[in-house]
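K.L.:
Listed here are the chains, written in short residue letters.
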Amino acid sequence: MNDGSVRKFYGWFTALGLLVGVLVGLGYYRDEYRPWKDYQRQFIREEIRRAATPDQRLLAQNTPIQLQQIILPELNRVDRCTTCHLAVEDPSYGGFPQPLAYHPLHDQHPFDKFGCTICHRGQGRATTAAEAHGNVPHWDEPMLPLKFIQASCGQCHEASDNPAAPQLARGQELFETVGCRGCHKLDGVGGNIGPELDRVGARRSPDWLRQHFLEPSAVTPGSGMPPQKFSEPDIDAIVLFMLSQTGANLPGFYASMKVIPSVDEGRRLFQQKGCIGCHTVDGHGGKVGPVLDDVALRRKPEWMMQHFRDPQSVSPGSVMPRFGFTEAEARALTEFLLHLRDQKVALSIPSLMAPPDRGREVFRKYGCAGCHGPEGKGGVPNRNAKTAQQIPALTFVGDSYTKAELKKFILNGQRDIASLDPQLPPPPLYMPAWGSTIKDAETDDLVDYLFSLKPKGEDLGF
Amino acid sequence: MKTPLPKRIWGWFARTGVGKSIFRVGLPQSNLERSQAMVSSFLLHVQPAKVNRHSLRASYSLGLGLISLYLFFILIGTGVLLMFYYVPSTTQAYDRMKDLQFVVSAGLVIRNMHRWAAHLMVLFVMLHMCRVFYTGAYKHPREFNWVIGVLLFLTTLGLSFTGYLLPWDQLAFWAITVGTNIAGYAPFIGPKLKFLMLGGNVVGQEALTRFYALHVIVLPAAAGLMVAVHLWRVRKDGGLSRPETVGGSVQTMPQGQLPTNKSYGLMELARGTTPQVGRDPDDEVFSWPHLIFRELLLFLLVIAFVLFLAVFWNAPLEEMANAIHPPNPAKAPWYFLGLQELVSYSAFWGGVVVPALLVTALALLPYLDRGRRGTGRWFARERAMANTIFSVCLAVAVALTIIGTVFRGPNWSWVVPWRTPPAITEGR
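Residue numbers (our numbering), protein chains in the order written: chain L, 1 to 462; chain U, 463 to 890.
To be clear, the hints were calculated from the coordinates, so they are not data collected in a lab.
Please note: incorrect hints may appear among the correct ones.
What the hints assert, rightly or not - Far from chain U, some chain L residues (derived; all Cβ distances over 10 Å):
1) 5
2) 60
3) 111
4) 139
5) 140
6) 170
7) 192
8) 236
9) 418
10) 433
What the hints assert, rightly or not - These stretches of chain L come out as covered by chain U in the derived footprint (C-beta under 8 Å, 3 or more residues):
11) 7 to 16
12) 19 to 28
13) 74 to 81
14) 441 to 450
Glycine included, C-beta positions come from ideal geometry on N, C-alpha and C.
Please work from the sequences and hints to get the whole structure.
P.N.:
This is the structure:
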């Protein structure tokens, strides 16, 4: 038997060999042709056009076409955005059409330390526009619309402390004032009627959040949350604040930015570290250390800073311990002390306030206003509740309860709310039991505050 | 007739000193050289110098075993390349998948090839088993080779299943969670078995490490060894099975009564049955080129098909694995979806009894079905009973798999694929 009978295979070999060759070529082409190379060529053409000297021209012509990436080990991110966005650091590209536009205002957030996606979100490792911008299936973090970019500041900075993020601060203020915490937990503080909000910014889109505030049951069928009435700028602000709640735990350097030296932060530290145990402010406090009201007149800021670093070094024999404050914390405390003569600052330390005023803070802290209205004036709807389908106002609560009864009511809550129509589903909102969350002293202050709500000289007549 | 150029180049090279030292026999010109080409080559000598015409018929074997073997080769090749980039760590594995897609040269195509070849291998090993069953090819003297085949089938499933976890995306995480949960339903040993597989009670870093070690060392080595034994036994049992009428594949030779007109090595006569040695059937052709050409052609075909899939369709990659966000429904890999469907009726019966019975029945098949008739022919009439039973089991398995794959939606409820199910608002 000779080769003759296998000759018929030669054609097949040729055809299949060519097919494999074509497929390999196709695979190579798809691998080799990447849209970002076009953007790089566009950039190089623009650089060549702008070149003023032959040297610059040569330099531009010799720019290699290659992938750019910012590796951020601490953040566990690799951002390849600059592969297309080549001119982010070149101000002369200001206003240039994307992807070659300049990125303004990055002095304090250098790209090699922060990359891009930590603020803008999206998919840093990707190298095609759609994938990188994250608007693809199976990617949870699409780019944040520029309108809401301040939400990202909240990952590292306290919302209220950042002058560059007024919308974020406004959002937080709204969150606290409106009383979202009455039903929702954030950072472990709040009620349990609605879902926790710690990661809401990573789970929900801006559109969803906006819808949710305007008409909650439209996106969450059966939701008992009352629709919120916000002005247009305010709804953006509160959505933005929600978007900032990503639950991301940023490491080291980034987390340290949480403390921006400011009066607010100083006041928080002052309260938290218990300075008032030894020092007197506004007539309250301990007698071990000096009175601090006018400390700003006596000491220079440098002295204070040194004192926070090591009390003994500027005040030999001092019994004040070394707290091990970070530089930022020491600076914040210094700021606070320098402003202590300002009455407003002093009075805003909770331990220095009168009980009803402290109670107002408690009312605010736990979001009571979310259900009972600002200053307990009521008016918040609760579908099918016997009390006129509304959550009761608290203005005259002092007439129906003793202080001990009211305290017990707050601690135990009331799970079952009487229905107006027994045929319909029971009212969605109820009084949570605050016993596990609220501190005992806070409850006392809160009760004092609630009793103080009754307008002077008014009586219901019973 | 003019000699084709590649053949001339080859012929020239094979005649040079270097060529001779490598190939020993150049391009075979005579029947003697055709035999020598097979016997003297390490790579080729696992195959006989001459092969029965029946074995070359594509309509008989369909090349299914060979296709499975080629897919295994492709998987080893692409798998090694992937190993250069892969890190079996829960924090890095997923990122490495993204890097393969976006920055590694040809990374995506290679991953696609690996993925599609893996699915195809499971499919073709199954088809190969069906072929062997329907042609009665597991019958004497090939009983144990069938058992090795069953073990190879299980190893293939194991390879695919362990590989499924490695991308560390949602698909991987939940498929393995579901798959190992099914294993956990076994009585007594189930929970221990699951713990052993996962190195814990849930899928995590320990599971990833174990699956990786199994996937890249243990199972491929086992599969490679068993493939070698599988092929070697095919050879020793006289090549592919064929009907009794096409020249008995083996002959029984009474011990001690060796033919005196020829001399044989002891190795060929170590057993009572031997390959065709006593006769010199006209029905055989030289393996070179008749077998080798067909094998090479089939290899090209398989490569072309896998490349075609890999160039045009990307392997799935979902969100990074997230233990607190189970997809609904969470599904096992497709070849276990029949099982998962059964489990949805009864965890014990579907997850334990049925698969255990099936595997046992498969492994014991050649010892249960001991009739010698009907070997080497498709759907032999003598085997109508066996074929019917097998077909029914197969049909049920396929139906269950199809139901589990396309007709099951959220909460394993019945859905019709051509109608979109009510959306689960996840809020994006």
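K.L.:
Find the hints from earlier in the document that the structure breaks and name them by number, from lowest to highest.
P.N.:
1, 4, 5 and 14
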